[in-house]
Every structure is written in structure tokens, then in C-alpha cells.
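There are 2 protein chains.
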Amino acid sequence: MGAIRNIFTSRSEKDGNFFGLIQKITGFKPKNLKCYEEAFTHRSLGLQNKKGHPFNYERLEFLGDAMLGAVIAAHLFDEVGRGDEGYLTKMRSKVVSREHLNELGRDLGLLNLIRAAIPKENFGVNIHGNLFEALVGAIYKDRGYKYARKFINTRVIDPYVDIEKLEGRVISYKSLLIEWCQKEKKSFNFNTYEDSGQDVIRHFSVKLSIDGKQVAKARATSKKKAEEKAAKRAYYVFQNKIDLQQFN
Amino acid sequence: MGAIRNIFTSRSEKDGNFFGLIQKITGFKPKNLKCYEEAFTHRSLGLQNKKGHPFNYERLEFLGDAMLGAVIAAHLFDEVGRGDEGYLTKMRSKVVSREHLNELGRDLGLLNLIRAAIPKENFGVNIHGNLFEALVGAIYKDRGYKYARKFINTRVIDPYVDIEKLEGRVISYKSLLIEWCQKEKKSFNFNTYEDSGQDVIRHFSVKLSIDGKQVAKARATSKKKAEEKAAKRAYYVFQNKIDLQQFN
Numbered sequence: 001m002g003a004i005r006n007i008f009t010s011r012s013e014k015d016g017n018f019f020g021l022i023q024k025i026t027g028f029k030p031k032n033l034k035c036y037e038e039a040f041t042h043r044s045l046g047l048q049n050k051k052g053h054p055f056n057y058e059r060l061e062f063l064g065d066a067m068l069g070a071v072i073a074a075h076l077f078d079e080v081g082r083g084d085e086g087y088l089t090k091m092r093s094k095v096v097s098r099e100h101l102n103e104l105g106r107d108l109g110l111l112n113l114i115r116a117a118i119p120k121e122n123f124g125v126n127i128h129g130n131l132f133e134a135l136v137g138a139i140y141k142d143r144g145y146k147y148a149r150k151f152i153n154t155r156v157i158d159p160y161v162d163i164e165k166l167e168g169r170v171i172s173y174k175s176l177l178i179e180w181c182q183k184e185k186k187s188f189n190f191n192t193y194e195d196s197g198q199d200v201i202r203h204f205s206v207k208l209s210i211d212g213k214q215v216a217k218a219r220a221t222s223k224k225k226a227e228e229k230a231a232k233r234a235y236y237v238f239q240n241k242i243d244l245q246q247f248n
Numbered sequence: 001m002g003a004i005r006n007i008f009t010s011r012s013e014k015d016g017n018f019f020g021l022i023q024k025i026t027g028f029k030p031k032n033l034k035c036y037e038e039a040f041t042h043r044s045l046g047l048q049n050k051k052g053h054p055f056n057y058e059r060l061e062f063l064g065d066a067m068l069g070a071v072i073a074a075h076l077f078d079e080v081g082r083g084d085e086g087y088l089t090k091m092r093s094k095v096v097s098r099e100h101l102n103e104l105g106r107d108l109g110l111l112n113l114i115r116a117a118i119p120k121e122n123f124g125v126n127i128h129g130n131l132f133e134a135l136v137g138a139i140y141k142d143r144g145y146k147y148a149r150k151f152i153n154t155r156v157i158d159p160y161v162d163i164e165k166l167e168g169r170v171i172s173y174k175s176l177l178i179e180w181c182q183k184e185k186k187s188f189n190f191n192t193y194e195d196s197g198q199d200v201i202r203h204f205s206v207k208l209s210i211d212g213k214q215v216a217k218a219r220a221t222s223k224k225k226a227e228e229k230a231a232k233r234a235y236y237v238f239q240n241k242i243d244l245q246q247f248n
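From first to last, the protein sequence lines stand for chains A and B. Going by full-length UniProt numbering, the letters in the first sequence line up with residues 1 to 248, in that order. Going by full-length UniProt numbering, the letters in the second sequence line up with residues 1 to 248, in that order.
Incorrect hints may have been included.
Where chains are identical, the list cannot tell them apart; a pair therefore holds if satisfied intra-copy or between any two copies.
Derived BS3-like pairs: lysine-lysine, alpha-carbon spacing no greater than 30 Å straight-line [what the hints assert, rightly or not]: (1) K31 with K223; (2) K51 with K94; (3) K185 with K146; (4) K224 with K31; (5) K29 with K146; (6) K186 with K29; (7) K217 with K165; (8) K94 with K50; (9) K165 with K51; (10) K31 with K150.
Honestly, the hints are just simulated from the structure, not real lab data. None of these values were measured; they are calculated from a predicted model.
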């Protein structure tokens, strides 16, 4: 146990406040920091807890995967009322795809938090998704289902889970909006700039104007995502005017 | 919507109080009975809710499956500290095996609650497990994660999830106890009798005595399960005397 404490103490000194980083990433104060320490410890360090059990992120990854599955299932159950069991299963597997989880972990910069005996360059691409799952598992252990769900809502569902996109009915809200503007002879402008604010992670903001009037704002971890988000918001503003059918 | 209400009203008249049955099975008062009505409606009736979406147990089955996965994962995470991700995954799949879920649904007599346009005899064996999953989904929708976890603890984890058995270290606590009694020249007696009490489901009770002294009691939905449960309790009473190793 001493070994674990020392490692994270020295990390605090070297890399800044671990507690503060976790708080920024999760959006709430951690209660039991040890859960997060476990979530960011790689097996290469060979650490054990006081019971002599392995102390690394792999078990939390299992737990986080299960919690993600449950929270996403509950969300899709509510949002896709017409889909049967097979359809919901298919949609969930799109949301929690390995590729998607890797993107989530990469966006949050989780690899920066890892403690390992091997260099970061040696990790495969799946490390990002694995750490993301482990983080969800740590949140569940630390604060329970409600907080895990809240985190998944904020970091997975709100920015990424778009029923129309999952169903392939809309590929890109930005294209949809641009097509509509061109057809309707309206001018449009995506004013996009870096705006990381208090965030640990790089962020971008967008102000979207149509015919010189600002219609939507958005903020995300890449220019592309921020513009897509703003276009989606504008789409909902103009919902009656922009009809999906006309582009299908 | 009218159609749904009528069907369940007529069930109430015919089969007794649906609310009461759900309360007995779950152990708490349902808040939104419609969730449970959905969980026990078969697609053969072709019912729809007021939004025109299918109203049958299949979607709740998807939700319940996800909640079972999450709750069992959390339990194994806590109980099997030495197991890595792959090991935990393997153990979970034993607990939520199709065969096991069918047993759970059958024990609770869930098929008696179903409303379908086809005769009960025509359902395959998996209907029991499907209804069990749908019931878990209904509990989550009605009362949230906490109640779903409580139900899973009472109906799945407490009576069935035995780490030593899952790991194949103990096949049967009853055999273990009998072997020990024979070796130690002790007499034993399983006094087993039907004892359904207030339960909707048939139950059995066991009083287990060793050398004429009662050492454990148990109650379950079959003689075999009740005796196994009592033997397990006795095993923990005699833990220092009965050593697993001596039988391996």
C-alpha cells in the first residue's frame, strides 16, 4: 500500500494535482481518490493492494464497460421507442464501439494520467478506450450509479449519441445545413476559434450565423465536432424549414 | 392505450390482483404498474402504446439484460478481488447464462403472468429467462437502479451467486458437509418440508441438525436448493473445521 501512495504522491508533485485533474475531467469532487489511482495504474508496475490483489485499471475497465452498457441501454430505451430489442442492441454497439471509446479517452487526454513501467509510446491505440472504461468504473466505485450515469450523459450521450446519426438518417448536420442555406440562398458563417477556458483539454468554440444573424453556439474538443454541434442546434431551430426528407 | 388497460383489467378480475402479484415477486410496491404490464405482454397480441410503438416485453428484456450485467459486474468486482478482467467476464457469463435465467424465471412462475395471443405451451424454454430480464427492466424503469440492484441481490446474487461454486472449488455444499460428517463420525439430518408461507411461489424450508443440534435453517424454491443453502450456512459455521483443501 505504501508503494501505491508514494507513486501517486510523486505524481502529484511532478504532474500537478491529481485530485484537481480528476475533478476537472469528471466535473465533481472525488471522494475516494484510490479508485482513480487504480483506474490510471498500468499492470506493468506490478502493484498490489493490501490484500495482495492486482492494483491496476483492468478490473475497473470490466466494471466501467458494464456501467456504460447499462446507462446507454437505458438512454436508448427511452429515446428510441420504436426500436425492438435487436435494433437497440445494434445501436448500443455503435455507441460503445472500440473506436468510439478510444476517441472519448483521447479527447479527455487520459493517457497523460497513466502510471506505467513502459513508455507511453508503447501502448496500443486501445489504451484510450480502456482508460475511459476504467474511469467510468472508478466513478461508479467512488460515487455510485447516479454519478456514473451523469458522467456518461455529459461525456458520451450529450456530445455523441445522436439517434438520427446512429440510424444513418443524418450523416452530417453541417452538410445538411449548408445544403439548405444554398438551396434557400442564405449566407452562412461558422466563426470557430480555440477556447479552452478552464478546461484541462483543448476546446473549440463556434458561433454560427445565418444571413448575418447568430443562430447557434457550441463548444467541443475539436473544430469539426464543435461545428457539427452548432449545425445540429441550428437544425433544431429551423426544424420546420429544414426537412430531412428533402435530402433523402 | 384503452386496449392495454382492458386487457390488464380483465386479468385482474380473472387471475387476482396483478399489483399484488408484482409486489410479492419484487418485494416492494410498484409505482408505475404499466412498466410491469409491458414486461408481461407478448408481441403476439400486437399491442402498441399511445405513441404507436410496440408494447411488449422485448425492449424491457434488452434493458433488464444490461442492468443484470451491470449489477453482477459490480458484485463480482467487490467479491473476487484477485480475478482479472477476463476472469470476471467468464464468471459473469456463468451467472447470467441463458439456462440460469430460465431457472430464475421458472422459479418465480413468471409465465403465469404473461398475456399472449398464443397458448403458453407454444413458448420455447427461453421464455422464462426473457420474462425475468424484462421484469428487471421494468423494475429499473419503475423505481431506478437502486431497486433493480436490490431485486437482483435478493433473487439472483444471494441464492445463486456463490464464488466458490462458480470457480468450481465446491460443487455441492451438501456433499461437502456429508463427507465431513462421515469422516468425523457425526450424525446429520436434513428436515425438509413445504413452507410456502405468504409467497406466491412454492417454497421449501430445511432445518439441518448435526449430532442432534440444529446448526442451520434455509428456505428456497426447491428441496434441493433449500438443502444446499442450509448446508452452505452450516459450512460457514464450521468453517475452521471443514477445510476445502482436504476434499480437493
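Evaluation of the provided hints:
{"no.": "1", "hint": "K31 with K223", "verdict": "neither (34 Å within a copy, 46 Å between copies)"}
{"no.": "2", "hint": "K51 with K94", "verdict": "between (38 Å within a copy, 25 Å between copies)"}
{"no.": "3", "hint": "K185 with K146", "verdict": "neither (47 Å within a copy, 54 Å between copies)"}
{"no.": "4", "hint": "K224 with K31", "verdict": "neither (35 Å within a copy, 44 Å between copies)"}
{"no.": "5", "hint": "K29 with K146", "verdict": "both (14 Å within a copy, 22 Å between copies)"}
{"no.": "6", "hint": "K186 with K29", "verdict": "neither (46 Å within a copy, 57 Å between copies)"}
{"no.": "7", "hint": "K217 with K165", "verdict": "within (20 Å within a copy, 56 Å between copies)"}
{"no.": "8", "hint": "K94 with K50", "verdict": "between (39 Å within a copy, 29 Å between copies)"}
{"no.": "9", "hint": "K165 with K51", "verdict": "between (47 Å within a copy, 22 Å between copies)"}
{"no.": "10", "hint": "K31 with K150", "verdict": "both (16 Å within a copy, 24 Å between copies)"}
Going down the numbered hints, you'll see the structure goes against 1, 3, 4 and 6, while the others check out.
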